Amino acid sequence: MAENHREGEAAKTFDVRILRQAGPGQASYWERHRVSYEPDMNVISVLQKIAAHPRTADGQDVTPVAWDCNCLEEVCGSCTMVINGRVRQACSALVDRLLEQHPDEIELRPASTFPVVRDLVVDRGRLFQALKKVTAWVAVDGYYDRGEGPPQSQEEQEQLYPLSHCMSCGCCLEACPQYARVELTRGVDESPEEFVQRQAETYDRLFLGPHAISQVILFNSHPTGRHMSSLRLDALIAEGGIQLCGNAQNCVAVCPKDIPLTTSIARAGRAATVHALRKWFDV
Amino acid sequence: MARQRVMVVGGGLAGLSAAMKLAELGIDVDVMSLTPVKRSHSVCAQGGINSCSDQTRQAGDSEWKHFDDTVYGGDFLQHQPPVKEMAYWAPKIINLMDRLGVTFNRTTEGFIDRRRFGGTLYKRTAFAGATTGQQLLYALDEQVRRWEVAGKVRKYEHWDFLGPVLDNHGVCRGCVGQDLVSMEIRAFPADAVLIASGGCGLLYGRSTNSVMCTGSAVSRCFQAGAKYANGEFIQVHPTAVPGADKLRLMSESARGEGGRVWVPRTPQDPRNPRDIPESERYYFLEERYPQYGNLVPRDIATREIFDICINEGLSVEKGRQCVYLDLTHIPRQELDRKLGGILEIYEKFQGVDPRVTPMKIFPAVHYSMGGLWVDYDRTADGGLRSASPTNMVTNLPGLYALGECNYQYHGANRLGANSLLSCIFDGLFAAPGLEVWLSSRATAAAEAPASLFESEVRRQQACQQELIRRPAGGENPYLLHQTLGEVMTKAATVVRRNPQLRDALREVEELAARAKRCALADTGQWTNQNLVFTRALLDMFPLAQTILRGALARDECRGAHYKPEFAMPHLTGETTAQRRAEADAWCTRFDENNRRWLKSTVAVWQPREESVQLSYEDVDTSLIPPRPRLYGLVGAALIEEVWNQRVTAQLARVP
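These protein sequence lines map, in sequence, to chains S and U. Following this note's numbering, the numbering of the first sequence begins with 1 at its first residue and continues without gaps. Following this note's numbering, the numbering of the second sequence begins with 1 at its first residue and continues without gaps.
Because the hints were derived from the structure by calculation, they are not lab data. Some hints could be false.
[To be verified] Below 20 Å or equal to it, Euclidean Cα-Cα: the simulated EDC-like pairs (lysine to aspartate or glutamate) are: (1) Lys132/S to Glu148/U; (2) Lys92/U to Glu148/U; (3) Lys132/S to Glu193/S; (4) Lys155/U to Glu194/S; (5) Lys123/U to Asp68/U; (6) Lys257/S to Asp353/U; (7) Lys155/U to Asp123/S; (8) Lys348/U to Asp258/S; (9) Lys348/U to Glu239/S; (10) Lys123/U to Glu148/S; (11) Lys92/U to Glu148/S; (12) Lys123/U to Asp54/U; (13) Lys123/U to Glu347/U; (14) Lys152/U to Glu194/S; (15) Lys348/U to Glu194/S; (16) Lys227/U to Glu609/U; (17) Lys152/U to Glu193/S; (18) Lys257/S to Glu347/U; (19) Lys279/S to Glu239/S; (20) Lys318/U to Asp275/U.
Bear in mind the structure is a predicted one, so any value in this text is a computation, not a measurement.
Using the sequences and the accompanying hints, generate a full structural model.
So this is what it looks like as structure tokens:
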């Protein structure tokens, strides 16, 4: 009896529709997989099952679907994708909940704002470039022992800690209407180094994104980090800066870590305005 | 001489702290990582980082006591000088991380707040909520990005380390890597290669580790001739939440902040846990270990949870093994401030609010105390000589190992919140030694004959072609991995028995043979994850064999390695005199066992036989003499008393 019961359960299946793409510049296409249901699944365990048995719902053998993941507990930011129309981390997307919303089918797409590398894997290099642009670090003298850091109140720590949770997943950028996709390809006579350089320069001219604006607030609020405030504010008022934010407030709605991105943007906007005015009067 | 470079493999705490320190010393650094370094497994560390502080000092703590707790917790299996050096560096490391902007929790007055962790009686652990690893990693990631902008560091993210390049003197002159996007294989000449690739939890299928913790980089060095030590010492963390894809860690800090582990006294009591009165709850850790309570070291807590569920049948659920980890007596606001990160994980993945309902947890494979064998340069007073190229070097000159992937600090069992410390310490301490190593080299790796690198690249390309050309319909790598995980979890975790270990070894050898017939479902040359996984799987077998052989050979109980057959007896005598005689016999046996087994297991890979050869190495216990590890166990006071009398008598005999 128990055996029969188990077999009966194993027969329960659901479909996963995946938007696939073999590589950059190639056409994308939908592919349907049928997965046997088990309790406590998430989208990662679904993709693991598909990798182990890469066969479509109509029985065709295909290459396994490529995707990014690492920690599987929503702290590394790797597994960003669009699941049932919503950008999020695949590890915390639980199958039971997804099937409650859309019975029998789950839809997976790569984030559309980044160039597709393959299938669900996208190139998010641009979001890390923005961290360089805004000098997202504390410029300490060095790594020799210089005693304790600057004292901080509990209130200050409680304000900074949520901001320092940004795992560079890119969900906010996928949701942001101002963050348009840009896809560059290496020229035939371009060296890899030259290509990287051209990519960085291009990215620097485009909107840097809510994640980077929030990092400006993080470091400009830190007792030592704030020594470089004006450098970061320069980046905010430069080409591709905070003026491009259209205040859609989508970023804060999709952030998996509940980072108060719009609060950061508002604070950064005020600081940037004051900074710009000061610069005019200095001239 | 051409400019020298250092290659760092792995971008977690150990790799990044090394990279930033090397860059500060003016050395050009390459960092190779499977993932953007900000996504490394260090982000999963939750609870905190240890050091004695001005406050614990006034309660009687010191660097020496931190050192003592670490070796006692590790059951004396670690060489003491590196541990001592680490403990003395610890306060400085926390100060540095504080200066780098880590958002450590603060006291009302603004000092770094501390909490208690396992295996100590002092509140030594600095923390940033329950995401300390993430916060420390981000601070280092930011510093390395700063050096990247300054042109001192180049990152190779989404690259797989395929192996070291050794010259005909056996000196490491660089490595070969593969771009995981374009699948290009190329050599990286380097004047030193630092392996900082973390643990190997994926050998066990599901664990608390991230999916990239396959141990492949370490295994590739091992197969190239690097020694591997104490492989059998695998930490099983007491508190994790079982899941279909991963066992999610619930930090020891939950107990550090007052969390209590219990089961209902009535097996599988169907009542809501909140309705079970105190008198009907069995707080088994608190009852069995009155001194340390819920904060006994991990190996002990894990064994007790196992014992409660399996031997005593007191698991909370009938079909599944688990016990309660209860935080519900702690005010919500305090929980959110100090443990928010893990509570969110539990809530998101289990759909239950742990602030209101006790969590259900069970042990899971977590950390490898063993790793690549590394050397150290001892000073006369028992510390490490700074700026010595001998520190952290493997037996292959020029090849270093840092962080979880070396065997150096944690002996037979790691104390909570010591791993973040050992990783950052390794990176900071190794860098000046590497500077000296570089200056001692007559030629730069960039000037070595091109043929040295070309032949290694060709060999790797041939290996890959062989994998790709295998006929379809062979073994499935994902299913073999699942089986490997089951075999390892059954035989080489909490309780180990020789017949099971022998069976497991045979099964692993069979699986290794079957893995050679794995067929790829993807034979393409673009972002081929199927190929990368299969190659990592093939490299799991040498390490799996090392763990099993080490465990089979070691007929004793030490830290995380527990064989009931060789467990030390309890004192059962009825009269004090009987118990004293038993305690005396206990101490004699303890002494004899140490003479035989207080040794590091050192494994060497035999490529022709495809098997592991073990030898044993004495442990430097010159600073703190080994003593019975009892943790205030009920009834252990007598053993301690007898042992202390013996030591006193021994000292009196010394002229």
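Hint-by-hint comparison with the structure:
1. Taking the CA atoms of Lys132/S and Glu148/U, the gap is about 9 Å. The hint holds against a cut of 20 Å.
2. Note on Lys92/U and Glu148/U: the hinted pairing is violated, with a Cα-Cα distance of about 25 Å set against a maximum of 20 Å.
3. About 17 Å separates the Cα atoms of Lys132/S and Glu193/S, which keeps this hinted pair within 20 Å; it holds.
4. Proposed proximity of Lys155/U and Glu194/S is supported: the alpha carbons are some 15 Å apart, at most 20 Å.
5. With a C-alpha separation of about 15 Å, the suggested pairing of Lys123/U with Asp68/U holds against the 20 Å cut-off.
6. A hinted pair counts as satisfied when its Cα atoms are at most 20 Å apart, and Lys257/S with Asp353/U qualifies at roughly 17 Å.
7. Between Lys155/U and Asp123/S the alpha-carbon distance is near 15 Å, which keeps this suggested pair within the 20 Å criterion.
8. At roughly 13 Å between alpha-carbon atoms, Lys348/U and Asp258/S fall within 20 Å of each other, so this suggested pair holds.
9. Pair hint Lys348/U plus Glu239/S does not hold up; C-alpha atoms about 39 Å apart against a cutoff of 20 Å.
10. Of the supplied pair hints, the one linking Lys123/U and Glu148/S holds, its CA atoms being roughly 18 Å apart against a limit of 20 Å.
11. Restraint check: the Cα-Cα separation between Lys92/U and Glu148/S comes to about 8 Å, which is no more than 20 Å; the hinted pair holds.
12. As the CA atoms of Lys123/U and Asp54/U are separated by approximately 11 Å, the hinted pair is consistent with the 20 Å bound.
13. For the given pair, Lys123/U sits about 28 Å from Glu347/U by alpha-carbon distance, which is inconsistent with the 20 Å threshold.
14. Note on Lys152/U and Glu194/S: the hinted pairing holds, with a Cα-Cα distance of about 17 Å set against a maximum of 20 Å.
15. For the hint linking Lys348/U to Glu194/S, the alpha-carbon distance of about 44 Å lies beyond 20 Å, and the restraint is violated.
16. Only pairs whose Cα atoms come within 20 Å are accepted, and Lys227/U paired with Glu609/U is accepted, the gap being roughly 16 Å.
17. Between the alpha carbons of Lys152/U and Glu193/S the distance comes to roughly 15 Å, so the proposed pair stays at or under 20 Å and holds.
18. At roughly 13 Å between alpha-carbon atoms, Lys257/S and Glu347/U fall within 20 Å of each other, so this suggested pair holds.
19. For the hint pairing Lys279/S with Glu239/S, the CA-to-CA distance comes to about 16 Å; that is within 20 Å, so the pair holds.
20. This hinted pair checks out: Lys318/U and Asp275/U have alpha carbons roughly 19 Å apart, not beyond 20 Å.
Hint violations for this structure: numbers 2, 9, 13 and 15, all remaining hints satisfied.
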